[in-house]
Amino acid sequence: MDRIPILTLGDILLVSIQVDLEDQLALRLQEDLSDRIVATGAHGVVIDISALDIVDSFIGRMLSTIASISRVLDAETVVVGMRPAVAITLVELGLSLKGVRTALTVEHGLRLLRGARAAELIGLPDDDEPAEPAPAGEPAAAS
Amino acid sequence: MDSTTTRYLADLLRDHGDQIVKRWTATVAASLRGRLGEAELGRQINELFTALREATDGAELTIDSAESSELRAVLTELSRQRARHGFSSTETAISVFALKEPVLEITDSTDPAALRSFVAISHFIDELGLFTFESYAKTREELIADQAEQLLELSTPVVKLWEGVVAVPLVGTLDSARAQVVMERLLQTLVDTGSPYAIIDITGVPAVDTQVAQHILKTVVAARLMGADCIISGIRPQIAQTIVALGIEFGDIVTKSSLADALLHALRAGGVELSRRAGRRD
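Those sequence lines, one after another, are chains A and B.
The letter at position 1 of the first sequence is residue 1 when you use my numbering, and the numbering goes up by one with no holes.
The letter at position 60 of the second sequence is residue 1060 when you use my numbering, and the numbering goes up by one with no holes.
Among the hints, a few may not be true.
Said to hold, decoys possible - Across the chosen pairs, the derived CB separations fall in these ranges: (1) B:Arg1277 <-> A:Ala118: 43 to 53 Å; (2) A:Asp74 <-> B:Ala1260: 35 to 45 Å; (3) A:Arg117 <-> B:Glu1149: 29 to 39 Å; (4) A:Arg117 <-> B:Trp1162: 25 to 35 Å.
Because the hints were derived from the structure by calculation, they are not lab data.
Since this is a predicted model, take the numbers as computed values, not measurements.
Ideal Cβ positions, reconstructed from N, Cα and C, are used throughout, including at glycine.
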C-alpha cells in the first residue's frame, strides 16, 4: 500500500491506519491530510489506530504533528482506539502525545468532535472539559 | 556406600523386614501424634521399605543410582503429601530418620565390621533425609507461589457501575506487580465496555507512598491516552495528608473523597441527569 485512505464523513475526515507506518508512508499521510482538510474545509480529523500493535516515538511525534497542522487549519484531531498495551508502553516511555485528544472508539471520537463543534458555534466553552458541577449542588445530591 | 555394606543392608532388610517395618512405623506414628491414619502411615512406610529393598539390588547403593529411582519417587511423593497436609519439616524428615533405630537394634554391637556398616548406612539415611527435606521445601515454595498468584487474581476486580462508568476498588498494598495487573485489566475493561470514565477507589489501600502514587498516576495517564477519564476516590484524611506531605502532584486529575462522589461526577460529566422523586424523602 502506498498511501493511507482518508474517508470523508460530513465535515469530519476519518483515517484508519491498518498497516505498519513507515517514515515515507507517514509523511505522505501528513501531506494528504493537510491537502484534504483544505480541500473539504473539514473541521475535524479522527485517526483510528486500533490496528496498531506498536506506537513508537516516531509515530507518536507524527500524531502530534498532524494535530498541530490540523489545528492551524482549524480542524480538531482525535486519536481513537489506542490499545491498552500501546498506552502502557507510551506511559513507560514517558511519551504523552501532547496536544492530541483521545477517545476510546471512532464513535466516541465523532461525538467528541461534534460536541466541540456545536459548543464552538454557539459560543459556549469547550465540551471536552466538563464544567465542575456547582459546589453547592453536589453535597445535596449525594446526601 | 560400598558393595559390602550394600549387601549387608540388603540381608538385613530381607531377614528382619517385618521387625524393621513395625518399629519404623511405631516411631513415626509417635512423632505424628495421630494426625495421620494408621493404615495410611503403614502404607507409606511399606512403600518406602519396598523401594529401599529395590534400591539395594544395585551393586553399590547411592541415592543417585538407577536402582534408587523408585526410592526417590516415593520420597518425593511422601514429602509432597506431608507439605500439602501442613506437617512441619521435622515431622516429614523423621519418617526417614526413624529407620535408623530398628537398624541399630538389629546390628550386633560387638562386631566392629557391623558397626562400621551401620555408620555407612546411617550416613545414607541422612542423605535420604536431606532429599526429603529438599522436596518438602520445594513443595512449600510452589504452594506459596500458587497462593501469591491466586491473590493477584482475586484482588483486582474491575466492576461496572453504570453504562460507561467502570471502577477498580483497590484493596491491600499496591506493589509494582499488582499495579501492572490493575493497569492492564482496567485498560482492557475500558476497551471491552467502551467506558469513557474509570474510577480508581483507594479506600482499601492502607498507605500511599510515592511509589504507589506513581503507579496510580501512570494508570491515569495511560487511560487518558486511550481517551478515558480517570477519577481517584476513597482518599482518607490521613492519606490526603501524606500525599501533600510527600509533595505528590495529582495535577488536573479529579480526586474525590468517596466513591459515591466520584460516580456522581462521572455521571454528570457523561451528561446523566439525576433527580430525586418528590415525596420519597421521609
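Do the hints match the structure? See the list:
In this structure the hint that B:Arg1277 and A:Ala118 lie 43 to 53 Å apart at CB is violated, the actual value being about 31 Å. A beta carbon spacing of about 41 Å between A:Asp74 and B:Ala1260 agrees with the range 35 to 45 Å that was offered as a hint. Against the hinted window of 29 to 39 Å, the Cβ-Cβ separation of A:Arg117 and B:Glu1149 comes to about 49 Å, which falls outside the hint. Under the hint 25 to 35 Å, the C-beta atoms of A:Arg117 and B:Trp1162, about 27 Å apart, fit the expected range.
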